[in-house]
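J.: Let chain A serve as the given structure and place chain B with the ligands on it in line with the hints.
Same order as they appear, the protein sequences are chains A and B.
The C-terminal position of the first sequence is numbered 444 in the numbering used here, with every residue numbered one higher than the one before it.
The C-terminal position of the second sequence is numbered 1444 in the numbering used here, with every residue numbered one higher than the one before it.
By construction, these hints were calculated from the structure, which means they are not laboratory data.
Fair warning: there could be bad hints in the mix.
Unchecked claim - Straight line, CA to CA, 30 Å or less: simulated BS3-like cross-link-like pairs of lysine-lysine:
| id | chain 1 | residue 1 | chain 2 | residue 2 |
| --- | --- | --- | --- | --- |
| 1 | A | 115 | A | 316 |
| 2 | B | 1316 | B | 1054 |
| 3 | A | 429 | B | 1429 |
| 4 | A | 336 | A | 54 |
| 5 | A | 435 | B | 1429 |
| 6 | A | 429 | B | 1054 |
Number of protein chains: 2
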Amino acid sequence: MPGELVKALRAVAGSPNVSTALAVREQHGRDESMHRCSPPDAVVWPQDVEQVSKLAGICYSHGVPIIPFSTGTGLEGGVTAVRGGVCFNLTRMDRITALSTEDFTVAVEPGVTRKALNSYLRDTGLWFPVDPGADASLCGMAATSASGTNAVRYGTMRHNVLNLQVVLADGRVLHTAGRGRHFRKSAAGYNLTGLFVGSEGTLGLITQATLRLHGSPEAIVAAVCAFPSVHAAVGCTVQVLQAGIPVARIEFLDDVMMAACNRFSGLSYAVSPTLFLEFHGSPGSVEEQVRQAGEIVQLNGGSDFAWAWELEARNKLWAARHNAWYAALALRPGSKARPVCSPFKQLVCVSSGLIVGHVGDGNFHCILVFDPADLDEIQRVKEFATRLARQALALDGTCTGEHGIGLGKRHLLCEEIGELGLTIMRQIKAILDPKNLMNPGKVL
Amino acid sequence: MPGELVKALRAVAGSPNVSTALAVREQHGRDESMHRCSPPDAVVWPQDVEQVSKLAGICYSHGVPIIPFSTGTGLEGGVTAVRGGVCFNLTRMDRITALSTEDFTVAVEPGVTRKALNSYLRDTGLWFPVDPGADASLCGMAATSASGTNAVRYGTMRHNVLNLQVVLADGRVLHTAGRGRHFRKSAAGYNLTGLFVGSEGTLGLITQATLRLHGSPEAIVAAVCAFPSVHAAVGCTVQVLQAGIPVARIEFLDDVMMAACNRFSGLSYAVSPTLFLEFHGSPGSVEEQVRQAGEIVQLNGGSDFAWAWELEARNKLWAARHNAWYAALALRPGSKARPVCSPFKQLVCVSSGLIVGHVGDGNFHCILVFDPADLDEIQRVKEFATRLARQALALDGTCTGEHGIGLGKRHLLCEEIGELGLTIMRQIKAILDPKNLMNPGKVL
Ligand SMILES: Cc1cc2nc3c(=O)[nH]c(=O)nc-3n(C[C@H](O)[C@H](O)[C@H](O)COP(=O)(O)OP(=O)(O)OC[C@H]3O[C@@H](n4cnc5c(N)ncnc54)[C@H](O)[C@@H]3O)c2cc1C
Ligand SMILES: Cc1cc2nc3c(=O)[nH]c(=O)nc-3n(C[C@H](O)[C@H](O)[C@H](O)COP(=O)(O)OP(=O)(O)OC[C@H]3O[C@@H](n4cnc5c(N)ncnc54)[C@H](O)[C@@H]3O)c2cc1C
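Isolated chain A, as found in the complex:
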C-alpha cells in the first residue's frame, strides 16, 4: 500500500482512524467460517457519510479495493480482502435517527446492531424483529439480506428495509428510495433498495438504512417439544403453517445438535428431533395459537410442550437454539464450521448431522465442524457442502437461503441463477462499480 495513499486517507479520517497494523488487518480479514484470512492493506474508521464518500473517492482514484465491514459476523468470507485494499470499518457511525412512531420507521447507521436498536426502542411499543442470532449490524444485515428465526412471521431484511443511503465506489452518495424518504411502500421506478439489499458490499457502502418497525407483541410464549423422527417434526411444521397459525418462530434441531446443545449449555433436553416455537400476540390469541399448535404436535407424535412465558425463562429456553453454532464448534475444540443452507424438503433426505433449521421459513442449516489445520478434512467438508447445495438445487431450492454467496458459493451461483441471470448481474455491477473495486472477488 503506497504511503501516499495512506497519507491521503489519514488527511480525511484523522491519523488514529487509519491503521496498517498487521493485527488489526488480520482481524478484519477473518470471519467465522472456513475461509482463509486475507487481510486488507489498511483499515479505516470513518465517522460520517462525508468521510466515507471522500475515502472511497481516494481509493477510487488510486484503483484500490474497498471492503465494507460492519460487525464481521458474516459466514461466507465476505470481509476477506482477497485482492488487498482498504477495509472500511463502519462501526463508529452509530447514530439512530428519524424515529417515527406514527410511520413505524427509523434510520440507523452501520454501527447500530439489532440489540442496540431494540433497546433504544424499548419504551416506544415498537421493535425490529429480524434476528439472525448474532448481534449483527443492521446495515450489515441489509448487506447480506439477513433473515433468522422470526422470518416466518415478520419477513427478512428484504421486507423490512425501506431506504438505503449508499456510497458508491467513486464516492457518490445514492439514496435508493430518494433522500429522507421512509414510506412503507412505493411504486416509483425500479426497486433500487431491493437491489442493494443482499449485494454483500459489491455495489456500494451502506451508510444508513431506513427500517420498518413493528408493534411489539403484548404477549410472547416460547415452547419446545420433541419428536420421534425428523419426518414427524417436519410434518408438524407444514401443518402448523397450513393451518394459518401465525407462529412467530418455528425452529428445528436434530438429535445430534440437541446432544451438542445439552452439553454446551448444561441443559437436559431429550436427544431427539426437536421443534422450538414462539407465539406472539394478545394474551388470548397466544393462548389459542398454543392450543391449536399443541393439537397438531400431538397428531404428529410430539411430546408435551415445555413452556416459557417470562422473558428470562424464554431466553433460557432459546439459549439452546441460539448457541447451536457455538455448541457445534465446542464438539471439537479449536475447530471451525461451515454452514450449509438447504430447502425444507431436503431435510427429510439428509441423514442425521448437526442440523438446525429455520423450518418455518423453509430452510435449514447443516453445520459441518472441522479442524482448520487438517487440509484433507477441509477438502472433504468443501466437497460435502457442494454436494448438499447441488442436491438443494436439484430440488428447485437455493444454494444459500441466507448468509449470501460471499467467497464460498460463487461456483454455485451460475448453477442456481443461470447464465443469463449472472450476465445481467455482472452488467449491473459494472454500472455501479466500473473499476470492480467494491469488495472484488465476492458474489459474482
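T.: Just chain B with the ligands, lined up with the frame of chain A:
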C-alpha cells in the same frame, strides 16, 4: 406498420392472433385513467412463452416498440402506445402450474387473474391475498408492484413474488431467480426478481410469476364504523397498528366518498369519515382482535361497529369500498378520474374530497373526477394532482404508493428519487433494453 412485419408476426402466432384492426388497437391503447388513447400499430395474442420470445425477437430486429398488456386495469396510462408498436396481449396464456401446498407456492401465466387463482385454490386451504380491487392479472400486478386492501397484513406484490419468467426485448428468456426455483427466500446474488416487480413493462415481458401463497384464515370478520372527523379516524388507525393488532385490512373513506358510495350502491351508511376493517385468524383470535380494536375505536369517538361474518354479508359490506372508484365516476356521468396517491400523514392536511385510503398500509387516494372533453378542467386536475404529489414528497412521502409511474408521473420521479437514482435506473434499463423498445415513454 410494414406489411412484412405483420406477416412475420402472423407466421409465428397464427393469423387470427395478430390484429391491426382499429377497434382492437384502440381498446389496447386505453386505460381507466385520464391519459389520451395512443393505439398500437398491431395487437398479438401469443399462446406460450416460445411465441412471446419469437415475436419479441421479430419486433427487436425491426426496431419496433413492444407494449405488454395483461388485463388493462392499470391507472397510469401504462398500456398506451405513445410511440406505436406491437401490443402483446398475454391473456391467452392462462395456465396455473407447479402448485406446491407444502412449499406454499404456485406459478401463473399472465392470463390468470387474482380471482381465477383463488377459485383454483379454494379446496387447498391456501390463498393469494394481494387485492387491488380490480380483478387484475397476477403478472400485471407484478409488473405494477400492485398492492391493495390486504397489504397491511400480507404485504404487496414485492413481498409475494418469488420468481419471474421474463422475455427480454431481444427474445431471450430470463428466470429472475433461476429456472423453476420457488424457494421462500434466497440470498443468492442480486435480487433480479425485485428489479422486475414494478418495472411496468419497461424491462421485459413477464410470462410467468411464481407466487407465495398463504394459509386461508379460519375466520374472517368485517366491520365498519364512522368517526366525527378525519383526524379521529386516522388517530384510530395509528393506535390499532401500534397496539400490534394484526388487522388484515383497514381502509378509510371520507364523507364525500361515503355519500357517493351510498348513492352508487344504494346503501345508507353515515355520511362521515369511515373506517372499513377486516380481521383474519382463528375464531378466538378474531374475537379478541375485534374487542381490542373496538376499544380503540371508542376512545377515538367512533361509532359502534357494523358487523359481517359470513362471506355474503362481508361482500355486501365491502361493496361500498370496492365500488368507490365507480361511485366516484358515477357522480358525473361520462367523466373520467385521476387517482392521486399520498402518504398517510398528509391525509389530515387535505381538505375533504373524494378520498379513499389504504390507511393501514400508509397511503390514501384522492380521486379527481373530471369531464374528459373539458380541456381546461383536465389542466386544472393535472395541476392539482401535481400539487398534491409535491406536497407528499415534501413530507418525505412518495408520489405513487401504488399504480406506478406510467405516463402520468414521469415528471415527478426525479423529484422523488433524485438525479443519481434516476441515472442508475436509466443505465439498468439500457442493459436490458438497449434499443429502448420495451414500453418506451413510460416510467423513466
Ligand atoms: C452464530 C451465528 C448465527 C447466524 N445466524 C444467521 C441466521 O440465522 N440468518 C442469517 O441471515 N445470518 C446468520 N448469521 C450470519 C450473520 O449474522 C449475517 O450475515 C449478518 O447479516 C452479517 O452482518 P455483519 O454486520 O456482521 O456483516 P459483516 O460480517 O461485517 O459483513 C458481511 C458482508 O456484508 C458486507 N457488508 C457489511 N456491512 C456493510 C455495509 N455497511 N455496506 C455494504 N456492505 C456491507 C461485507 O463486505 C461482507 O461482504 C449468523 C452468524 C453467526 C455468527
Ligand atoms: C377500480 C380499480 C381499483 C384499483 N385499485 C388498486 C389498488 O388498490 N392498488 C393497486 O396497486 N392498484 C390498483 N388498481 C390498478 C390496477 O389494478 C393495477 O395496476 C394492476 O396491477 C394492473 O394489472 P393489469 O394486468 O391490469 O395491467 P395492465 O393494465 O395490463 O398493465 C399495466 C402496466 O403493466 C405492464 N404490464 C402488464 N402486464 C405485463 C406483463 N405480463 N409483463 C410486463 N409488463 C406488463 C403494462 O405494460 C403497463 O405498463 C386499481 C384499478 C382499478 C380499475
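J.: All hints are to be evaluated individually against the structure, with a verdict given for each.
T.: Quick rundown of the hints versus the structure:
{"no.": "1", "hint": "A/115 with A/316", "in the structure": "holds (17 Å)"}
{"no.": "2", "hint": "B/1316 with B/1054", "in the structure": "violated (46 Å)"}
{"no.": "3", "hint": "A/429 with B/1429", "in the structure": "holds (14 Å)"}
{"no.": "4", "hint": "A/336 with A/54", "in the structure": "violated (37 Å)"}
{"no.": "5", "hint": "A/435 with B/1429", "in the structure": "holds (20 Å)"}
{"no.": "6", "hint": "A/429 with B/1054", "in the structure": "holds (29 Å)"}
Consistency note: the structure conflicts with the earlier hints numbered 2 and 4.
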